[in-house]
Every structure is written in structure tokens, then in C-alpha cells.
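Here the protein sequences line up with chains R and U, keeping their order.
Going by the numbering used here, the first sequence opens with residue 3, and the numbers climb by one from there.
Going by the numbering used here, the second sequence opens with residue 3, and the numbers climb by one from there.
Among these hints, one or two may not hold up.
One copy or any two copies: either way a pair holds, since identical chains are not told apart in the list.
Dumping the calculated BS3-like pairs for lysine-lysine here, alpha-carbon to alpha-carbon at most 27 Å [to be verified]:
| no. | residue 1 | residue 2 |
| --- | --- | --- |
| 1 | LYS112 | LYS35 |
| 2 | LYS191 | LYS104 |
| 3 | LYS191 | LYS170 |
| 4 | LYS170 | LYS112 |
| 5 | LYS7 | LYS134 |
| 6 | LYS35 | LYS191 |
| 7 | LYS134 | LYS191 |
| 8 | LYS104 | LYS7 |
| 9 | LYS191 | LYS112 |
| 10 | LYS191 | LYS7 |
| 11 | LYS170 | LYS134 |
Hint data in this document are derived by calculation from the structure and do not stem from the laboratory.
Number of protein chains: 2
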Amino acid sequence: MDTEKPVTACLLIIGNEILSGRTQDANLSYIAKVLNEVGVRLMEARVIPDVAETIVATVNEVRAEFDYVFTTGGIGPTHDDITSECVARAFGVPLILHPEAKALLEAGYKPGELNEARLRMAHVPEGAALVKNPVSRAPGFRIGNVFVMAGVPQIMRAMFDGIRHELKGGRPVQSRTVACHLAEGTFAKDLGDVQGRYPDLEIGSYPFYRQGQFGVSLVLRGTDAARLDEAAGDVAAMIRRLGGSPIEETAT
Amino acid sequence: MDTEKPVTACLLIIGNEILSGRTQDANLSYIAKVLNEVGVRLMEARVIPDVAETIVATVNEVRAEFDYVFTTGGIGPTHDDITSECVARAFGVPLILHPEAKALLEAGYKPGELNEARLRMAHVPEGAALVKNPVSRAPGFRIGNVFVMAGVPQIMRAMFDGIRHELKGGRPVQSRTVACHLAEGTFAKDLGDVQGRYPDLEIGSYPFYRQGQFGVSLVLRGTDAARLDEAAGDVAAMIRRLGGSPIEETAT
């Protein structure tokens with residue numbers, strides 16, 4: 003049984019456009035899946051508006067509570083991009099022009115194009131290390147346990163892929179999925195019994211509707227492959243006992 | 003200028019399946035758009051795991067901070083569905099079998115099918131009012147300023163459509179969108195000046211890539227249609243002045 007203390011993370015999705023319903027977040031699930039692979043557990047995500055006081059207070063709250071904090075959004079050149087200055091305020095350090103970030107931007111713009119607004123993107127909190135942006139140059143940064151990334155999914159992914167090796171995780175979280183066409187209420191009690199026998203695993207029950215049929219995916223998560231296989235076997239046996247046909251799925 | 007105090011809301015998305023990256027949330031944007039229509043501002047959303055202490059603490063934190071709280075997920079019949087009991091704990095009241103909820107379930111199952119697990123779905127915190135579920139019977143509920151709904155999008159939407167008339171909002175939030183193919187860095191300073199002249203509006207700048215072209219949507223939000231039209235005109239004029247072609251969009 004795994005008694006290792008899990009390494010935890012919180013994601014801050016910063017942007018009015020998510021809270022207004024205009025834009026659908028596409029970063030949470032990508033980040034979550036990579037974190038599973040490196041053994042870091044995403045324990046919470048918050049969507050917060052482009053309001054300085056909210057960003058500063060939230061960054062300070064969650065960086066104390068979780069091992070890692072990732073932020074997406076608000077690091078562009080316009081007036082509503084206030085994440086960098088808010089993170090600087092949260093850490094109590096000045097926002098400074100980073101020479102390497104400035105050089106990166108200079109290399110990408112024609113003479114005269116690197117105006118004051120664009121130069122804002124070369125400012126980071128004092129003491130921060132740059133997070134590379136292979137897509138559009140303007141970097142993110144890391145300060146303490148907080149990684150600040152772009153909101154545009156293509157850029158965020160490229161940034162995140164570049165920093166994943168810096169994360170010190172525990173054992174990777176693996177999963178097993180067994181689906182069936184029984185109703186949840188039919189197996190709920192028995193599934194609870196399986197969960198009771200495997201307190202080291204997390205067993206979830208997720209109804210779905212596809213190809214014209216209702217069904218339920220039973221998802222088992224944990225860090226011990228042998229325990230997962232054993233528990234997945236118990237779940238399959240339970241389904242058969244209740245008159246269903248277990249379907250092992252590779253997708254998690 | 004609108005000096006009315008905004009009516010605020012927080013959404014709690016409860017479920018390990020969102021935090022693991024397995025399931026993409028589809029409820030936030032629906033709820034946000036309806037809230038805009040009824041004049042309620044979604045100020046924050048949190049995704050939290052199926053962990054009782056986290057749910058109880060978070061419900062208590064946000065119900066004190068916002069006018070309305072909506073929760074999605076965790077009200078089914080399986081062991082990982084713990085939202086109802088956690089909300090009861092948060093309010094310091096017992097979880098009781100609601101006679102009307104029981105009758106609703108009884109009407110939908112064949113004799114013998116309404117087992118103990120399914121009866122869990124007829125339990126609500128004492129003092130709660132039911133939220134109807136026209137899709138699959140098992141109701142949500144409202145207690146105080148907290149509305150508890152299903153996580154399955156079809157069911158959540160049906161529940162939310164049934165309660166929206168109960169929400170006492172302020173003036174509905176409207177928006178105007180003007181797109182262009184200028185780079186953000188080109189207009190950032192001027193757009194900041196426009197924002198400075200309209201402190202009662204919220205102006206956001208959102209890059210996009212579609213039909214093979216990069217562009218930016220400038221979105222103006224506020225409660226005063228005349229001010230929005232005036233500011234959108236200023237934004238369009240700014241785009242023309244900088245050599246671009248403003249594109250008015252109806253989608254927000």
C-alpha cells in the first residue's frame with residue numbers, strides 16, 4: 003500500500019472570458035493528464051477574473067496550500083493582462099524588465115515594433131526564471147512554486163511541455179476503466195464495498211450516453227499497478243454477478 | 003453610469019473526473035451565459051475533488067462570499083456521490099429523506115428497484131427545497147443561497163432552466179464584440195486608453211486563429227447598451243486609425 007505523501011498542485015485559470023462563458027477552457031484537462039504522468043495530483047482548479055486583488059489573494063492562498071501552482075492567462079500586452087504584476091505583488095517583489103526576455107522579443111520584432119505595450123511581456127517578478135515559449139516568443143516564468151503560463155492553448159502546451167521535467171512528483175497515477183451497461187443504482191452498494199476493500203485506490207462511477215446506449219464507466223486510480231489490476235478484476239466480477247458484461251477500456 | 007452593486011455567484015464543480023483530466027467540464031459556460039441573462043455575475047468557479055472536508059469548507063467559504071452558489075456533480079447513488087451530505091454538514095443540519103423526492107423516485111422505478119443506494123438520491127439537507135429534474139427524476143435542491151445540481155450536462159441544464167426564474171439579478175450584462183486582424187501589441191496602448199475612458203465597462207482582448215488567419219476579438223461588457231455602443235464605436239475607430247478593418251460580431 004502506498005503511504006507516500008502525494009505531491010499536490012492547484013491550477014489558476016485567470017480570465018474574464020472564461021467566467022463570462024465566452025471561452026471554453028481547454029487547458030485544465032491537458033495539464034491534469036501531464037501531471038498524472040509525472041506523479042503530481044491536481045487537487046483544485048480555480049477560475050478567477052482579471053481583478054488584481056483577487057489574483058494576488060488567490061495566488062498567496064494557494065501557493066501556501068499546494069506544492070505547485072500553475073496559472074494560465076493574462077500575460078499578453080493589453081491592459082487586461084495583469085497576471086505578471088499581480089504575481090509580483092503576491093511575492094512582494096518588484097516587476098522588472100528581464101534582459102533575456104527583452105532579447106527574445108527584440109529578436110522577433112522588426113525595428114520599431116517592440117513598443118511599450120509589447121515590452122510589458124518582457125517584465126517578470128524579480129527573481130523569476132523564464133519559461134520558454136517556442137510558439138510566439140513572449141515567455142512565461144517561474145517564481146517559487148508558481149509557474150505562470152499563457153492562456154492560448156497552443157502556447158500553454160508548449161510552455162508546459164518545456165517545464166514538466168522540472169516538476170518533482172511522486173509515483174505516477176495510473177488508472178483502469180471498466181464500463182458496463184448496468185444502471186448505477188444497480189451496483190452502487192457493491193461498488194461501495196469494493197471501494198471499502200481498496201482504500202488506497204480512488205474508484206469513480208461516471209454515467210455516459212454513446213452510440214445510442216446509456217452506460218457507466220467505473221474508473222480506478224492509484225499508484226500501484228498490481229492493486230489496480232486486482233481491483234479492476236473485482237469490479238468486472240461484480241458486474242458479471244449483477245448480470246452485466248464488463249467492458250475494459252484503455253481510455254482513461 | 004451603473005453604480006448598482008452587482009449580484010454575484012460562484013460555481014463549484016465537484017468531481018475527481020474533472021481534476022484527473024478524464025472529463026471536460028461542459029457546465030461552466032452554460033451557467034455563465036444564463037447568469038449573464040438574468041443579471042448575475044459569475045465571479046469565480048472552483049473545481050474541487052470528492053473529498054468531504056474540502057467540499058464542506060469550500061461551500062462554507064463561498065456561500066458567505068457570494069450572493070449565489072451553484073454546485074454541479076456528486077448527487078448520484080454511488081459511494082463517490084457525497085455532495086448532498088457535505089452540503090448538509092456545511093449548513094449544520096441533518097440529511098433527511100425528503101418525502102416528495104422519495105415519491106418522485108418511487109414513481110419511476112419498478113417495484114423492488116428503489117434500493118437503498120437509489121434512495122440516497124431522495125435525501126436532502128433538512129430545510130432544503132427540491133430542484134426538479136425533468137430528465138431522470140432524482141432531484142437537486144436549494145438550501146439558503148446554495149443550489150445543488152447534477153453534473154451530467156443534460157440534467158444540469160434542465161435543472162438550471164427550472165430555477166433561473168428564482169434568481170434575483172441586477173441589470174443583465176450585455177456585450178459587444180469587435181474583431182480585427184491587427185496584432186494585440188499594435189493596439190494595446192490605445193485600447194488601454196479606451197478602457198480608461200469607460201471605467202464602467204470591462205474590455206477584454208482575446209486572440210484567435212481561424213480560417214487560417216490570426217486575429218483578435220475585442221469584447222466589451224456592461225449593463226448600459228448606449229455606453230456599450232459608444233465604446234464599441236470608439237474601438238472600431240481605433241482599429242481603423244491603426245490601419246485595420248473592424249469586424250462587428252454578433253457572437254459573444
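Do the hints match the structure? See the list:
1. LYS112 with LYS35: neither (38 Å within a copy, 41 Å between copies)
2. LYS191 with LYS104: Cα proximity of LYS191 and LYS104: across copies only (18 Å, versus 60 Å in one copy).
3. LYS191 with LYS170: neither (38 Å within a copy, 40 Å between copies)
4. LYS170 with LYS112: The answer is neither: 40 Å in one copy and 53 Å across copies each exceed 27 Å.
5. LYS7 with LYS134: So LYS7 and LYS134 fail the 27 Å test inside a copy (30 Å) and across (42 Å) alike.
6. LYS35 with LYS191: neither (30 Å within a copy, 38 Å between copies)
7. LYS134 with LYS191: between (50 Å within a copy, 25 Å between copies)
8. LYS104 with LYS7: Close neither inside one copy (40 Å) nor across copies (42 Å); limit 27 Å.
9. LYS191 with LYS112: Between copies only: 18 Å across chains, 66 Å inside a chain, cut-off 27 Å.
10. LYS191 with LYS7: neither (29 Å within a copy, 48 Å between copies)
11. LYS170 with LYS134: within (19 Å within a copy, 46 Å between copies)
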